[in-house]
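Residue strings, one per chain:
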Amino acid sequence: MTEEIIISGFGGQGVLSMGKILAYAGIMEGKQVSWMPAYGPEQRGGTANVTVIISDDVVSSPIVSQYDTAIVLNQPSLEKFEPCIKPGGVIIYDGHSIIQPPKRDDIAAYRIDAMEEAARTGNSKVFNMLVLGGYLKVCPVASVEDVVRGLHKALPERHHKLIPMNEEAIRRGMEIIKKMN
Amino acid sequence: MMDNNQQNDYKLLKGNEVIALAAIRYGYDGFFGYPITPQSEVLETLAVEKPWETTGMVVLQAESEVASINMLYGAGCTGKLVFTSSSSPGIALMQEGISYMCGNELPGVIVSVGRGGPGLGTIQPGQADYNQAVYGGGNGDYNCIVLAPNSVQEMADCMGKAAQLTFKWRTPVIILSDGVIGQMMEKVILPPFTPRRTDAEIAAQCPWATNGIGLKSRHYNALSTLEFDPQVMEDRNRAMAEKYKRIQAEEADYELYRVDDDTDYLIVAYGISSRVSMKAVDILRENGIKVGMLRPKTLWPFPSKAISKLSEKIKSILCVEQSEGQMIHDVRLATEGQATVYHTGRSGGMISSPVDVVDAFKSMARETITKNWPKGYWIK
Numbered sequence: 009m010t011e012e013i014i015i016s017g018f019g020g021q022g023v024l025s026m027g028k029i030l031a032y033a034g035i036m037e038g039k040q041v042s043w044m045p046a047y048g049p050e051q052r053g054g055t056a057n058v059t060v061i062i063s064d065d066v067v068s069s070p071i072v073s074q075y076d077t078a079i080v081l082n083q084p085s086l087e088k089f090e091p092c093i094k095p096g097g098v099i100i101y102d103g104h105s106i107i108q109p110p111k112r113d114d115i116a117a118y119r120i121d122a123m124e125e126a127a128r129t130g131n132s133k134v135f136n137m138l139v140l141g142g143y144l145k146v147c148p149v150a151s152v153e154d155v156v157r158g159l160h161k162a163l164p165e166r167h168h169k170l171i172p173m174n175e176e177a178i179r180r181g182m183e184i185i186k187k188m189n
Numbered sequence: 417m418m419d420n421n422q423q424n425d426y427k428l429l430k431g432n433e434v435i436a437l438a439a440i441r442y443g444y445d446g447f448f449g450y451p452i453t454p455q456s457e458v459l460e461t462l463a464v465e466k467p468w469e470t471t472g473m474v475v476l477q478a479e480s481e482v483a484s485i486n487m488l489y490g491a492g493c494t495g496k497l498v499f500t501s502s503s504s505p506g507i508a509l510m511q512e513g514i515s516y517m518c519g520n521e522l523p524g525v526i527v528s529v530g531r532g533g534p535g536l537g538t539i540q541p542g543q544a545d546y547n548q549a550v551y552g553g554g555n556g557d558y559n560c561i562v563l564a565p566n567s568v569q570e571m572a573d574c575m576g577k578a579a580q581l582t583f584k585w586r587t588p589v590i591i592l593s594d595g596v597i598g599q600m601m602e603k604v605i606l607p608p609f610t611p612r613r614t615d616a617e618i619a620a621q622c623p624w625a626t627n628g629i630g631l632k633s634r635h636y637n638a639l640s641t642l643e644f645d646p647q648v649m650e651d652r653n654r655a656m657a658e659k660y661k662r663i664q665a666e667e668a669d670y671e672l673y674r675v676d677d678d679t680d681y682l683i684v685a686y687g688i689s690s691r692v693s694m695k696a697v698d699i700l701r702e703n704g705i706k707v708g709m710l711r712p713k714t715l716w717p718f719p720s721k722a723i724s725k726l727s728e729k730i731k732s733i734l735c736v737e738q739s740e741g742q743m744i745h746d747v748r749l750a751t752e753g754q755a756t757v758y759h760t761g762r763s764g765g766m767i768s769s770p771v772d773v774v775d776a777f778k779s780m781a782r783e784t785i786t787k788n789w790p791k792g793y794w795i796k
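Order-wise, the sequence lines are chains A and B. FYI, the numbering for the first sequence is 9 to 189, going by the working numbering. FYI, the numbering for the second sequence is 417 to 796, going by the working numbering.
Derived from the structure by calculation, the hints contain no laboratory data. Among the hints, erroneous ones may be present.
Unchecked claim - Below, simulated DSS-like cross-link-like pairs (lysine-lysine); rule was C-alpha separation at most 30 Å, straight line:
1) B:K778 <-> A:K94
2) B:K584 <-> B:K659
3) B:K661 <-> B:K721
4) A:K161 <-> B:K466
Just chain A, with the same shape it has in the complex:
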């Protein structure tokens, strides 16, 4: 099993940390992982993306041009990465951030209204964890338990009290994701 994922959106949406938590969860599953950010003059409101690879085997190239799954959290990301998904792959998008939904019919499209859900619960910070939950429902590369163990490793101890809230968001994300085609 090798899963090549691109997560892309605005800076500040938690794109990079979502990728990191996913990679940590992969480690907890005993898998090989790589996490490669688009680095540079990224800033809040700018664009941010990260390529995460989770594999049973050694990860060869951390740089790929085609992905199994694209998680797109704004319109420019959808336009940039929809053409780069392998046939039979998956696209996951946030319903609020995407005006023009994906058009390809050879990939599975999933919509998650994570922004709306985050606003409804009054906690915008768990937005990325809602999306991560949705992704794990579609592509169960790691269990929620492994993600939680990953969070314990990824977060400094002073933030551990926030883990139950994040776990709840992941589970909620699994419930609200919808298949669109």
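Mind docking chain B on chain A? Use the hints.
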């Protein structure tokens, strides 16, 4: 699935972070550096770790790269294990100091995390500093040992290897990495803590050091690159050349990937290009093409003998590097004319994808296919 203990040993870290953490654990005495993308996390991580409170390692942000390398030079004179890190334009500023350190045969580790050039270039990853590291921009007959890690784990390992080689051979060691290996996160196991050497241990290991240790019982040590008598200077150069020959005989290191007796084609690549090429080799092998990869783990000394031996039986070589072609010259020399060498790669901050390498490989192979090859050898 591995057992829990093993998983807990793994950390998910950036290559740059690992450089800093490994230095503390390998007992480095000091770091002098100036921040520059894409390696600023080295200094940042050291600032977070505060090793001066634990191992006593000195961490100093210098006013420039010129200052950093001269601090490294000074600390190297005292037999301390010290390192600096920078990226392409910063390493360019250090060339004078590197030449002086080589002239005085001093230890020191220089981490170079390459980006696109020339000039200020871009902050995106690049491998256009092969010539800078291997052939140097300083004056005189000198060489530095150049290590080329291709994973986050190797970034850690190279800090240990560099510490050992720089004292063994009394010459600076450059760890030539790139923006991808520096910025990406992978699983890594950090080395166990080794205590920093004591003054007595340094005195025993570096009897030449100008540190004043044991001065009452010996003549003073002096270190200078200046020599007015050309005969003395030539003798010194020849002694250094002898040392460089021994390094070439003993330290050249490389790794083979999917190379066997039937291999028709060879890819030669280091650093990030070797990771991209691994995937390209896998894709080509799935299509029945007999291709393998040789990855130099040391760029100086270059694994010329291994390439020469392989070129006896292969049809052609593709040199993959993210530059307009620098290592290709060493690959060509190594083949001694026995195989044709082609180059592919991108530059200025762009990185080849595995598909790019596969495409370049196919056009190379089309050119080198002889009449003996069966029709339809190419599937696509």
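Now the hints, each set against the structure:
| no. | hint | verdict |
| --- | --- | --- |
| 1 | B:K778 <-> A:K94 | 22 Å, holds |
| 2 | B:K584 <-> B:K659 | 11 Å, holds |
| 3 | B:K661 <-> B:K721 | 14 Å, holds |
| 4 | A:K161 <-> B:K466 | 21 Å, holds |
Hint violations for this structure: none, all hints satisfied.
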